[in-house]
Structure formats: structure tokens, C-alpha cells
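**Q** Spelled out from the first residue to the last, the chains are:
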Amino acid sequence: MRGPRASAVGVAVAAVITVLGAAAVAAGSPASAQGADEPGCITDPASCHAGTGTGGGGRPVVRIDLGGRVHSGPNNICTNGLVGEWKSWEELGLPYPAPDADEHPGETFWVLICSRADGQPWPSWLDAIDRNGWSGGGPPAAAPTPADILPPLWAEVQTRLHNPTLAFSPPGQKSKVGVPTFVAITNPQVPTRYEATVGAITVWIDVDPTATLHPGEPNAGGIPCGPAGSRFDPDGPEPKEQARGACAHTYRRRTGVGDRPDAWTGDVTLVWTVEWGSTVAGTGGPLDAPDTVTPFGRGVGEIQGVVVEAGG
Amino acid sequence: MVVGLIAAVGVLAAGCTPGGDDDDDTGKGPPEKVEDVTTTSKPVDQPPASDVGAVQPIIQDLVDGYAEAVSTILADPAIAGERGNETVAAFVALFEDGSDRADESLAAWQDYADEGTTLEPVSSDHPTVVVNIDGAVRRVSDDEVRFAICEIQRYVHKVDGRETERVDERLVPGTGEAVRVDGQWRLRSLDKPRGLQGCSSGTEGR
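Listed in order, the protein sequences are those of chains A and B.
Residue numbers for the first sequence follow the numbering used here, beginning at 1 and rising by one.
Residue numbers for the second sequence follow the numbering used here, beginning at 313 and rising by one.
Please note that the accuracy of each hint is not assured.
Facing chain B, according to a computed beta carbon distance under 8 Å, are these residues of chain A, among others [unchecked claim]:
1) Ile42
2) Thr43
3) Pro45
4) Cys48
5) Gly285
Note that these hints are calculated values from the structure, not bench results.
Cβ coordinates follow ideal geometry from the N, Cα and C atoms, glycine included.
So here's chain A without its partners, still in its complex pose (with noise of 0.2 Å):
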């Protein structure tokens, strides 16, 4: 027999079940094909098409499986920040069964007491009791959140943002001075989405690398640089004409000579930009990412010229 607390908690465990089911209406039912027939697409079907398959921006999204590495934190913290004790149904002792109890055969009803916050006692204990579910051999484990997923993610990112690798041109073991120079990222890396899903939350990480080419030479400036850098073109037009508006710099100063050192110090840097976001609203934010740098040093020699003696 079932007394009138435990209809009490039937009902809000059935409340709680509503509610989920309004928000995915609310949201969009993930199973449902996306585009006009969501519902809420129906105001501006084309804001709909870019949902988590492409990237913000159309940038290619790799998804990442990442296993058992999301961790969610404990799942007996209460509605009201402080840390509850979850208790089996049986071991409340009530006189009545837990609810729905025939349809979780072998499975047991928890319940997750918590005091009040302000330390006063609750007017029933059925009032102590959080929230509810059931479960097999323990308490229902807790959904991950956003937080939960991102340092897996982030972590597995991370490993994939790499150094770039450069190719020097026109070939040659050194630069030479007044011919510009230019310098091939030969690993290109572009604008990329990460994300990762676990359970009903996905979360993204798009990554932005920005390259700059530093000649190393005094005086000389960032070079702004696509992901893949410029490769010299024999067959194309003047070597000056190619350079104007690429990953190339024209050095101006040997090396080697008077107090000048045998090569130049330069690099390529990236920088990245990094967002992170999810699909729960609200989350995400910008992540701190170290730039990826690859040094190189450049000796810069002279053109050499043939001398033709005259009546020779």
C-alpha cells in the first residue's frame, strides 16, 4: 500500500520527467533531422543548418571520443550547494514500497537527503528528500556537465595544436640579400572545431591559429602568414612580384660580416585563439593556449656576380 508521502514523491519524480521532456521539445529533439521542422526553425529556417555538424564559421569539426576520461564530480551535492547522503528507499524503512517500484524489478529507489541551508530542521522528512531515482548496486551516478567534458577535451586538443614546420625557398642553404625569401608551412593547420559528446552534452573547442613570419633580421616586422605559408614559384612572375602580400621577407643585411652573427634568428609563430562552448546555454569562454613556435636561423649572403674582363 502506498501512503500519501510516497505519492508525493511519485508525483515529483513524475514532474521532473515532464520537465525534461518540455525542454527537449523546447530545444529541439536531438533525434529529429535538423532544419525547418524544428520547431523553433520556423521563424528563419537558414539560422538552423549550421547546427554542431559544421563548425562556427564552416570550419571542419573533428569529434573526439574521449572514452572514460570525463570524470563528473560527485553526485550528492545538493539543490542548495551543500553535500547530501543518499539513502536506499529500504533503508528509510517506510512502511510503504518505493514508487513505480513493479517497473524497476532488481533495481533500487534512491533518495538523496540534504538538510536545509539554513540549518533549520525540515518540517518532514519527505521534505529532506532532493532528489530521486533508481538505480542498480548504487546511487545514480551524476550526468556530466560541461565543466566535466572540457579539461578531457581540452586536454586531447591540446596535443593536436603542433609546432609548424617550414620549408625555406628558393632553394638554398642560405638567403641572399635584395631576393626575398620565402618560407612554406609545410604541416598547415586551420581554423578547426573539437568537440565531444557525452550524453546528451556536447562541447566544442574551435581553435583559430594565427602565423606570423619574424625574418629575425634588426628592424624587421611580423609578417603576417596563411596556414600554409608561400612557396616560391620558379615558373611564376618576378620573385618581388610573388612576395607582395606573402609569408616571405627580403633580407637587407648579410650575415657574417663585421659583428653580425652567421645567421639570422628568426621563427614562425603561431598564435591561437581559443573558445570553448557547449550546448548548454550560458557555458564557455575563451582558453589560454601557449604559442606554437618553430625558430630557425638564416645566413644571408650576397649575390654573386661573374666579372668579365674587358678584351678578355
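Go by the hints and put chain B onto chain A.
**A** This is chain B only, laid out in the frame that chain A set:
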């Protein structure tokens, strides 16, 4: 307590110097001629995203303009095909130049017109669409911000003049991007991604 629990679940629910000899001189030469150019038509530059507090209302104005245009077009989708229409021109101008985003929306609404579909306000008190920025805009660079949005929809859906659906209030969360081009903020995207859960600000918005 249980009510509190339910509420909580709902919430969850971007020089090449001239080539030359080995010359250490830099920056020498005759000063460049500077001409006075008076431009009266160029609008004043809007603040960069480093001044987020100043940018926030600018972005809100953009999404307000979006919502106003969408509400107007949905009531008479046939105007979506009229590029000279004031509302349509205003809608297109909200987005960065060269963006396909506005064209895609207009094409979808032209389909509505072909189908006889309209969305009209439930009452004179509420437009069909209101869009609030959900929280603070986030700086990506001085010329780019991202933000969350909450779209509040209240409409009567009609097909060939017959009511087929009435929505008194629906909150749809989404995301947006805006970019500053030539000193002016423009929308790049306003999306309602699949599976996004919950509007933080609810119907209160700003």
C-alpha cells in the same frame, strides 16, 4: 524543495621592403605628401571588441534589427523577393558584405510565400520574434565577438489564411557572431544549433 529541483533540471534541460643592397639605412627619403581628404559620408568608427561594454548595445541593436525585420517579413513573406523593399534592404544590411546568410533566409521566406505560409503576431503587445543577447558578448579579437541569444517566438501560423498553429511563447536558444568591418559591426551569423539547451535570461532578456 522538489519544486527547486524541477527548476534546476529545467535550466540544465589576421613588408616586404624593396630589394636592394646591404644597407642599414631605413626610413630615409623625402616625406610622403599628405593630402587632406574630407569624407563626410563615412560613419564614425564603432568601438573595438576590447571595449565590450560599448559593443554590447551595438550588437543588441543588430539583433533587434534582425528580429524586427524577421517579424515584418514573416507576416508578408512575399516581400522577401523584393530587394528594393525597405525591410529587406535593412535586413541584408545587418550582415557583413558578401555573406550568404541573408540570402539564404530570404530564399526560405520566398518559399513560405509560395506555400501561402505566414507567421503573424499573437497580439499587438508582442512581435512575432524578439531576440535577446543571452549574457555578455565575448571578444574573439578586436574585430570579432561571439554571443549567445535567446529568441522568443509568439505567433499564429497560417497557411492560405487559415490558422494551423498558435504559439503563445517559445524560447529558442542560439549563438551569434559579429564582425567589425571598416569600423562597423555587422552580423556574421545567428544560428540555432541542434540540441542547444536553455535560455539563460528567459523572456526578461536585457
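**Q** Look at each hint and say if it fits the structure.
**A** Hint by hint, here is what the structure shows:
1. Ile42: holds, 7 Å
2. Thr43: holds, 5 Å
3. Pro45: Holds, about 4 Å.
4. Cys48: holds, 5 Å
5. Gly285: Holds, because the Cβ-Cβ distance from Gly285 of chain A to chain B comes to roughly 6 Å (cut-off 8 Å).
In the structure shown, no violation is registered for any of the earlier numbered hints.
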